[in-house]
Amino acid sequence: MGRTLVTVEAVEKELEKVVDPEIGLPITEMHLVDEINIQDNGDIFIKYHLTAPFCPPIFAEDIGMNIRTLTSKLEGVKNVTVILHGHALANEINQRVNPGYTPPPAQTASLAQPKV
1 MGRTLVTVEA VEKELEKVVD PEIGLPITEM HLVDEINIQD NGDIFIKYHL TAPFCPPIFA
61 EDIGMNIRTL TSKLEGVKNV TVILHGHALA NEINQRVNPG YTPPPAQTAS LAQPKV
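Residue numbers (my numbering): 1 to 116.
No lab work stands behind these hints, which were simulated from the structure alone. Virtual Cβ for every residue (Gly too), placed ideally from N, Cα, C. Treat the hints loosely; a few may be bogus.
Derived PhoX-like pairs: lysine-lysine, alpha-carbon spacing no greater than 25 Å straight-line [stated by the list, open to error]:
| # | residue 1 | residue 2 |
| --- | --- | --- |
| 1 | 13 | 78 |
| 2 | 78 | 47 |
| 3 | 78 | 17 |
| 4 | 47 | 17 |
| 5 | 47 | 13 |
| 6 | 73 | 17 |
| 7 | 73 | 47 |
| 8 | 73 | 13 |
Here are the computed distance ranges between Cβ atoms for each label pair [stated by the list, open to error]:
| # | residue 1 | residue 2 | range |
| --- | --- | --- | --- |
| 9 | 56 | 7 | 26 to 34 Å |
| 10 | 34 | 57 | 13 to 21 Å |
| 11 | 78 | 25 | 26 to 34 Å |
| 12 | 85 | 25 | 15 to 23 Å |
Assemble the whole structure, with the sequences as input and the hints as a guide.
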């Protein structure tokens, strides 16, 4: 018995139902979805951005939760990870949207203190 494979088209169709609460348009029409990656085991990774890096966090989280909820219902889906990028509070929002999510370590430049 084979596993039902999820298609990008099926995911995109669900994403058409996710509406930006501030603008009132689907996130697909606004081209806010940057990546849809579907693994053979049924795991889906969706990466998105918002219209501004300081978009109200409640809207950012709402969009992420809607993406996760709608795509999780597709037949054959095992797990959905939804990643917001380019937002001032992306790590915090990603942790709320994805239970158990650990953000990658920050990539910071070395700011060595001058010796006096």
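Which of the listed hints are not met by the structure? none
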